[in-house]
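Given chain D, work out where chain S should sit, using these hints.
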Amino acid sequence: MYIYDDYDQKIVDQRVAQYRDQTRRYLAGELTDEEFRPLRLQNGLYIQRHAPMLRVAIPYGHLRSAQVRKLAELARKYDKGYVHFTTRQNVQYNWPALENVPEMLAELATVQMHGIQTSGACIRNTTSDQFAGVAHDEIVDPRPWCEIIRQWSTFHPEFAHLPRKFKIAVNGAVEDRAAVLVHDVGINVKLNEAGEVGFEIFVGGGLGRTPMIGDLIKPWLEPKHLLTYLNAVLRVYNRYGRRDNKYKARIKILVKALTPEVFAAKVEQEWAFEKDGVQTLTEAEIARNHRFFTAPAYETLPVEDAAFTAAKAEHPAFARWVERNVFAHKVAGYAAVTFSLKKTGVPPGDATDAQLEDVANLADRFSFGEVRVSHGQNLILADVKQSELFALWEEAKRIGFATPNIGLLTDLICCPGGDFCALANAKSIPVAQAIQERFDDLDYLFDLGEIDMNMSGCINACGHHHVGNIGILGVDKNNAEYYQITLGGRQGADAKIGKVIGPSFAQDEMPDVMSKIIDVFVAHREGDERFIDVFDRIGAEPFKAKVYEGKPIRKEKADV
Amino acid sequence: MSKVIINREIVENRWTRVIADAEGGVSVPSEGAILVPYQYWLANREALAGREVAVCFAPDDEPESLPVDANTFSMIACDFPAFTDGRGFSIGRLLRVRYGFTGELRAVGDVFKDTLNYLARCGFTAFDVRADKDINEAIKGIDDFTEFYQSSVDVPNPLFLRRPVAA
Chain D
1 MYIYDDYDQK IVDQRVAQYR DQTRRYLAGE LTDEEFRPLR LQNGLYIQRH
51 APMLRVAIPY GHLRSAQVRK LAELARKYDK GYVHFTTRQN VQYNWPALEN
101 VPEMLAELAT VQMHGIQTSG ACIRNTTSDQ FAGVAHDEIV DPRPWCEIIR
151 QWSTFHPEFA HLPRKFKIAV NGAVEDRAAV LVHDVGINVK LNEAGEVGFE
201 IFVGGGLGRT PMIGDLIKPW LEPKHLLTYL NAVLRVYNRY GRRDNKYKAR
251 IKILVKALTP EVFAAKVEQE WAFEKDGVQT LTEAEIARNH RFFTAPAYET
301 LPVEDAAFTA AKAEHPAFAR WVERNVFAHK VAGYAAVTFS LKKTGVPPGD
351 ATDAQLEDVA NLADRFSFGE VRVSHGQNLI LADVKQSELF ALWEEAKRIG
401 FATPNIGLLT DLICCPGGDF CALANAKSIP VAQAIQERFD DLDYLFDLGE
451 IDMNMSGCIN ACGHHHVGNI GILGVDKNNA EYYQITLGGR QGADAKIGKV
501 IGPSFAQDEM PDVMSKIIDV FVAHREGDER FIDVFDRIGA EPFKAKVYEG
551 KPIRKEKADV
Chain S
1001 MSKVIINREI VENRWTRVIA DAEGGVSVPS EGAILVPYQY WLANREALAG
1051 REVAVCFAPD DEPESLPVDA NTFSMIACDF PAFTDGRGFS IGRLLRVRYG
1101 FTGELRAVGD VFKDTLNYLA RCGFTAFDVR ADKDINEAIK GIDDFTEFYQ
1151 SSVDVPNPLF LRRPVAA
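Order-wise, the sequence lines are chains D and S.
Be aware that the first sequence starts at 1, since it is given in the working numbering, and climbs by one per residue.
Be aware that the second sequence starts at 1001, since it is given in the working numbering, and climbs by one per residue.
Mixed in with the good hints there might be a few duds.
[Said to hold, decoys possible] Label pairs and their computed distance ranges (CB to CB):
no., chain 1, residue 1, chain 2, residue 2, range
1, D, Glu193, S, Ala1082, 46 to 52 Å
2, D, Lys77, S, Ser1027, 57 to 63 Å
3, D, Ala97, S, Asp1154, 54 to 60 Å
4, S, Leu1161, D, Ala307, 48 to 54 Å
5, D, Lys77, S, Glu1009, 41 to 47 Å
6, D, Ala422, S, Ala1082, 42 to 48 Å
7, D, Asn192, S, Ala1082, 57 to 63 Å
[Claimed, not checked] To be clear about the criterion: a stretch of chain S counts as covered by chain D if any three or more of its residues have a C-beta under 8 Å from a C-beta of chain D, and this derived list gives those stretches:
no., segment
8, 1010-1023
9, 1029-1036
10, 1073-1086
Since the hints were derived computationally from the structure, they do not count as laboratory data.
A virtual CB, placed ideally from N, CA and C, is assigned to each residue, including glycine.
Here chain D stands alone, though its shape is the one from the complex:
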C-alpha cells in the first residue's frame, strides 16, 4: 500500500488547517452559504436531509487495519456508530455536526486519510478493481497508476473548478471490475505483444441523467505520457465543457457534441504542447510508485489445501460461501474473500463501528492487515490462505458479514436514497429490504445464479441502476414515490445501458414485480443460463407482458 512521506503528510495537514479556517469563517459569517458550499464539497461535506454528510476518500479502495479502526472510532465519537460504503470506494458518515468536521479531518490525517475532492466539481477519488494485485485474471496491476493519478489530481490548481464532477477509473484485468466504460475517463492498462505496458483511454462515459458508454479516444498511450495526456483532456474539458446548464456540463456531453473524433483531435492538439514536458513521468517516479504495491510475504503453498477441500465437503454452508464470496487468487494456496454488507434487514453498504473493528482484527490475523472496498459496496480481505478460510468464515458469520450472496440478486447495489439523501426522489433502502426478504431463500437464490440488481433513489444514479441487469430508479410522481424498472444493463467490458420497460410501480408493488421478472427468467431459462443471457435471447417483451398483465394501460413519460 502507498505510505505517505513528509510531503504527502504536509499537504493533508495543510488542508486540515485550511478547512478549519474556512469552517471558522463560515460560522462567523465571513463566508456566505454560497461561498462555503463549493469549498466544503471539495472536502466531502454535504448538507443532507437530516444532517451534514461527510464523505471520506478511500483511494482505489485500499485501507490498512489502522485506518479501519480510525473510521470505527470516528463513527463512535462523531456519528451514530456506523458508516456507509459507497459505489465509488468512499465511506460516508451520515450524522456529523458541521462544527466537528475539522476535528474529524484532523483525526483522519493521523492515519493518512482525508475528504479531499470526494465531492464538488473537481477530479474525484480515482477508483479501481477491488482485486487489483491479486486477481487471477490480472494483466497489469493498476494500483501504481492509480496512485500516480491520485497525486496529480490532488489540488490540481488548473482543474479545481471544472464544469462538473470528474471521475477516473483504472482497470488492469481481463474482466473489468472498475466499470471504466461508465466513467468520465476510463483507463485499461494493457500489455502489447512486446510485453510493454500501455493505456487504452476512454472518455465520456457516465450514468446520471444522460447515461452513456465512453468512447475510445486513445488506443495506446505510453505510460510516461499518462499525466500530460490527462492534462490535455482536462484542459479541453475545463475550457469548453458547458457551464450554462449543470445537466449538460459533464464531459460526455462535450464529447458527443463535438463527436469523439473531433474531441480526440482537440486533445491531441492540446497534448502537442504538453507532451514530453515537465510532467512527463520518469522511470524513477514510475518505479517509486510500484515499490508500494509489491506482493506481501506469501508462503509457498499447494494449489489446493487438503483441509480446505475437506471442509467444503463436510460443511455445505461453507462450500456455498466459498462458491459465492471467495475469489480466485493469482498466488497458489491463497484466496480473496468478500465480506457481504448485504445481509437482509441491513441497509446495503452499512457497517457498525464494532463490525469495522472486527474487520480490522481479521485483516491483521488473516490478510496482512489490509482491507479493501469494492464498488459493489462490500469489503474484501485480499490475501487469505485457503487453509484459514474456514476459520475466517466462522468469524465472518459471527459479525454478520458471511451472507453467501456475492453476485446474486440480494447483493444489490443501492444508494442511501430518500432516507438520507437530500437529492433523492424516493427511498431505496426499504425497497431493497423488501426485495431481499422476498428472495431470502438461499437455495433459490443460488439456483437463480448471477443477477446484478442496482437501485438509485433518483436520476443522479448513485446506485448505478442503468448498468444493473435489473435496474430500479426511484421517481417522483405528484409528490409520491414510484419506481421505474430498467432491464438489460450491464457493466464490464461489454457495458450497456438498460432500457426502461414501462410505467413505474408503487413501493408496495415492488417485491411482486421482482418476482414476476424472475418468474419469466426461470420459465425461459435453458440450463444454467444467466439472467442477462436470457434477456439478450428473449428481449424485454415477455418481461413486460408478465409485469403489466392485467394492469390498465397508462401512458407515462419515461424518466430516463
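Here is chain S on its own, set in the frame of chain D:
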C-alpha cells in the same frame, strides 16, 4: 483609491477597470491607466493607441486569438465572474506557459482568500480582492499550501522531480 495585492504586497490600485454595461456599452475615462475588456480592445485598438491600456479576458475569451505578443501589455487580467468558473485558471496558465507573458497577471471578479493559492499556482501575481472581503486576511490565502504534487507556473517541477527518492 482601492487596494490590490501585487507580488505579495498590498498596494494602491492604479488601474481603472472598465466594464461593459448591461447593453454592452463601454465608457472609457479620458485619462489614466485603463483595464478594458479584451473584446473591446480588439474592436478599438486604434482608438486606444497611445493610452496605457491593459486587457481583461472573460472566461470564454481565447488567449489563442491575441493578435500581438502578450508582452505588449504590462498587465493582463482574467475575470472570474464566479470563483467556481475555472476557465480563467486555464487562461492564466496558457498566457504564462504557452504565450510567455511575463508581466503582471491579475485576477479580478470573485476573488477572495480561498481562491488565491490556486490562482497563484496558475501564474497570477496580482489579486483584485472583492471589495467586501478583508484584503489583509485574503493575502494569507496565497500560502494555504506550500507543497504541491503537480507542475504549476510558480513551481514548474512536479513533486516527483523535487522529491528526494531513496534508491
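Violated hints, by number in ascending order, as checked against the structure: Going through the list in order, the structure violates hints 3, 6, 7, 8, 9 and respects the others.
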